[in-house]
Amino acid sequence: MADQSYRQTGLVLQRGGTASPQQVRDLQRDLRALGYLYKDIDGIFGSGTEAALQALSHDLLHNDGSGSDGPAPIAVRDYNRGRVATVTGACDEAFAACIGDLLDEPAFGRVPAAENAAEANAALLEELSGERSEVAPMPFQLGIFEQESGGKHYREPSGGNEDNFVVVGLDRNDSAASEAVTSRGYGIGQYTFFHHPPSRDEIAGRVDSPSGNVEAARSELRAKFDGFVNGSTSGTRADDRIAEVGTGPLRLCRYPAGDARYMSDCLTCLRQAGAVDIREGEPVYEGSTTLWAPTQYYASASYSGVPRRAAVGCDWPYAVRRYNGSGINSYHYQARVLLHMLQQG
727 MADQSYRQTG LVLQRGGTAS PQQVRDLQRD LRALGYLYKD IDGIFGSGTE AALQALSHDL
787 LHNDGSGSDG PAPIAVRDYN RGRVATVTGA CDEAFAACIG DLLDEPAFGR VPAAENAAEA
847 NAALLEELSG ERSEVAPMPF QLGIFEQESG GKHYREPSGG NEDNFVVVGL DRNDSAASEA
907 VTSRGYGIGQ YTFFHHPPSR DEIAGRVDSP SGNVEAARSE LRAKFDGFVN GSTSGTRADD
967 RIAEVGTGPL RLCRYPAGDA RYMSDCLTCL RQAGAVDIRE GEPVYEGSTT LWAPTQYYAS
1027 ASYSGVPRRA AVGCDWPYAV RRYNGSGINS YHYQARVLLH MLQQG
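Going by the working numbering, the letters in the sequence shown line up with residues 727 to 1071, in that order.
Among the clues, some could well be false.
[Said to hold, decoys possible] No more than 20 Å apart at the CA atoms, straight line, and that leaves these computed lysine to any residue pairs for SDA-like:
#1 765 - 885
#2 765 - 882
#3 765 - 918
#4 765 - 906
#5 765 - 890
#6 765 - 844
#7 765 - 829
#8 765 - 839
#9 765 - 896
#10 765 - 841
#11 765 - 876
#12 765 - 840
#13 765 - 884
#14 765 - 741
#15 765 - 872
#16 765 - 904
#17 765 - 908
#18 765 - 897
No lab work stands behind these hints, which were simulated from the structure alone.
Just so it is clear, the structure is predicted and the values come from calculations on it, not from any experiment.
Assemble the whole structure, with the sequences as input and the hints as a guide.
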């Protein structure tokens, strides 16, 4: 049975409430484990903890276990049993009881934590930095990991913040229910599940295992390269690549297989490509009607010294953009990944 210090008669955890910092920390730790709290186990009941409770209460009312990528092992709403009547950012004893039942459910794939997060992160980055891959170039992967998770698989405790769980990104893309989490990205590569919760096997293979998380991200990047750069339809091509390079065959690397630089000396290629300064209001590529502009995810649309993607000599810069999807946000993503890569050495 879950040990919940905050599950007490008459106690309501909320902004400005009377719960102790330790009780708030215990609630935050459980919300992190269940995949509802974005970050921070600091004993401070703020907007993040409130948003996590709102997302969980939404699921206790509506989550039937379905997802666009397959079913979850359980339906969260089955664990409500009439105890949570509305979406709320406050946790009373009845809400805490629902949390306890979810924690006790063995089919619920919980978010893992690290005993020494900083050490685990450093070891993973050291391993990846010395690795070569012919599936997708490691420098591009490292640039993506920096953009996705700050290059960290686990959050690292600091000061009064005890958060040592796997990094989880929470997307809220339901305009009819802004409190709902619609997908979650996990770990250094932000491997994404659209159903919730994941199964224990899914957590073991793609979240708890850093190598499994990296391999999944690597395979996804290669799939974007193979199928979403020079295709014949709008959904399978990168418009910037078509405009700047044409419709010719995919370019895996400017160097042949067997050359020591093959799929590895990407930083030299980026530096030799020259740089461009991006300014708000300019087209994302010559002739495009899409203009550089801030978005809900990117506050600025100006970047300095971005490698000139058309001159890099391969199609991985375009695959990076398609890894993030399409539209203006994907161009921000592409520019930032290329800039992250320049910091690798």
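Q) In ascending order, which of the hints set out earlier in this document are inconsistent with the structure? A) none
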